[in-house]
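Participant: Residue numbers (my numbering), protein chains in the order written: chain A, 3 to 149; chain B, 3 to 149.
Misleading hints may appear alongside valid ones.
Because identical chains cannot be distinguished in the list, a pair is counted as satisfied if it fits within a single copy or across any two copies.
Straight-line distance between alpha carbons at most 20 Å, and here's what the computed DMTMM-like set of lysine to aspartate or glutamate pairs gives [to be verified]:
hint	residue 1	residue 2
1	Lys-144	Glu-73
2	Lys-37	Asp-93
3	Lys-144	Glu-108
4	Lys-144	Asp-95
5	Lys-37	Glu-18
6	Lys-144	Glu-111
Don't read these hints as lab results, they were simulated from the structure. Since we're looking at a predicted model, the values are computed, not measured.
Protein chains: 2
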Amino acid sequence: MADILHRIGVENVSPEQVYDALTTLDGLAGWWTEKTAGSTEPGGVIELRFRPGGFDMKVVDLDPGRQVRWEVVAGPQEWIGTHVQWDLRQDGDYTIVLFTHEGWREPVEFMNHCSTKWAAFLLSLKQLLETGEGAPDPRDVKISDWH
Amino acid sequence: MADILHRIGVENVSPEQVYDALTTLDGLAGWWTEKTAGSTEPGGVIELRFRPGGFDMKVVDLDPGRQVRWEVVAGPQEWIGTHVQWDLRQDGDYTIVLFTHEGWREPVEFMNHCSTKWAAFLLSLKQLLETGEGAPDPRDVKISDWH
Numbered sequence: 003m004a005d006i007l008h009r010i011g012v013e014n015v016s017p018e019q020v021y022d023a024l025t026t027l028d029g030l031a032g033w034w035t036e037k038t039a040g041s042t043e044p045g046g047v048i049e050l051r052f053r054p055g056g057f058d059m060k061v062v063d064l065d066p067g068r069q070v071r072w073e074v075v076a077g078p079q080e081w082i083g084t085h086v087q088w089d090l091r092q093d094g095d096y097t098i099v100l101f102t103h104e105g106w107r108e109p110v111e112f113m114n115h116c117s118t119k120w121a122a123f124l125l126s127l128k129q130l131l132e133t134g135e136g137a138p139d140p141r142d143v144k145i146s147d148w149h
Numbered sequence: 003m004a005d006i007l008h009r010i011g012v013e014n015v016s017p018e019q020v021y022d023a024l025t026t027l028d029g030l031a032g033w034w035t036e037k038t039a040g041s042t043e044p045g046g047v048i049e050l051r052f053r054p055g056g057f058d059m060k061v062v063d064l065d066p067g068r069q070v071r072w073e074v075v076a077g078p079q080e081w082i083g084t085h086v087q088w089d090l091r092q093d094g095d096y097t098i099v100l101f102t103h104e105g106w107r108e109p110v111e112f113m114n115h116c117s118t119k120w121a122a123f124l125l126s127l128k129q130l131l132e133t134g135e136g137a138p139d140p141r142d143v144k145i146s147d148w149h
C-alpha cells in the first residue's frame with residue numbers, strides 16, 4: 003500500500019470555512035472542478051467530472067470543522083477503494099490541512115501524477131479561501147501531458 | 003519506509019535541458035533556491051539554503067539526459083539518508099519528469115509538508131524551462147506557516 007500526503011496552511015481562514023469548501027457543492031466547484039454534482043451528506047456520493055475523466059466519492063465520515071473522509075466508489079481503476087482524508091486544525095492564524103489519499107495498491111506512474119495534481123488542487127483550495135478565486139477544472143494548473 | 007512521488011511534463015523542452023537544470027548550480031538556482039553552492043559532479047555535494055534552513059545533497063548517480071540521484075547528507079533529521087531521484091524521458095512534445103523522494107522512516111507531518119512543497123518546486127522547474135522564469139526561494143510559492 004502507498005499513500006499520497008500533503009499539507010497546506012490557509013491563512014486567516016477558520017477550520018469551519020475550509021470544512022465548508024470540502025462539504026458543499028459550491029465549495030468543491032470553487033477549487034476542484036466546476037462539474038461537481040451529487041450529495042455531500044454522510045453516505046452521499048459526490049460526482050466530480052474533469053476533462054480527462056472523473057470519479058465518485060462516497061462520504062464515509064464527517065466531523066464538522068475537523069475531518070472529512072471519502073471512499074472512491076467509481077473512477078480510474080487505481081482509485082477504486084482508496085480513501086481520501088482531510089484533517090483540519092487551527093494553528094495561530096492558519097488552518098492546517100493534512101491531506102491523505104491512501105490505499106494505493108502500487109506506486110504506479112499515475113500515482114506520481116495524482117500526487118502532483120493533488121498539490122495543485124490544494125493550492126487552488128488555499129487560493130479560493132484566501133482570495134475568493136480558486137483554479138478548478140477547466141481553469142486548473144496544467145502539470146503535464148496528462149493535464 | 004514511505005516515499006514522496008511526483009510527475010510533471012515539461013512542454014517543448016528536451017530531457018537534456020531538464021537534466022541541465024538539475025545538474026548545474028545556475029539551473030538549480032533558477033527553480034529551487036537562489037542560495038545554491040557546492041559541486042554538482044558525481045560524488046560532489048550540493049549545498050542548498052532556504053529561509054527556513056537547508057540541506058546538502060551528495061550526487062550519487064548521474065546518467066546524462068536520463069537520471070539524477072542524490073543522497074541527503076545534511077539537513078533536517080527526517081531527511082538524512084533519504085534519496086531523491088529524477089527520471090527523465092521524452093514523450094512526444096514533453097519531457098516527462100518522474101520524481102521520488104524515498105526512504106522516509108515514518109510518514110510524519112513534515113513529510114506531508116515536503117510533498118506539497120516539492121510539487122511547488124517541480125512546477126517552478128517546469129515554469130523556468132518553459133518560460134525562462136522560475137520561482138526559487140525566496141520568491142517561492144508559500145504553501146503554509148512552514149513556508
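Participant: Next, verify each hint and record whether it holds.
Facilitator: Hint-by-hint comparison with the structure:
1. Taking the shortest alpha-carbon separations for Lys-144 and Glu-73, neither the intra-copy value of 25 Å nor the inter-copy value of 30 Å comes in at or below 20 Å.
2. In this assembly of identical chains, Lys-37 and Asp-93 lie within 20 Å of each other by CA distance neither inside one copy nor across copies; the values are 32 Å within and 30 Å between.
3. Proximity of Lys-144 to Glu-108 under the C-alpha cut-off of 20 Å is found in neither arrangement, the shortest distances being 24 Å within a copy and 31 Å between copies.
4. In this assembly of identical chains, the alpha carbons of Lys-144 and Asp-95 lie at most 20 Å apart only when taken from different copies (15 Å versus 30 Å within one copy).
5. Taking the shortest Cα distances, Lys-37 and Glu-18 never come within 20 Å of each other, neither inside one copy (23 Å) nor across copies (39 Å).
6. Proximity of Lys-144 to Glu-111 under the C-alpha cut-off of 20 Å is restricted to the intra-copy arrangement: shortest distance 17 Å within a copy versus 27 Å between copies.
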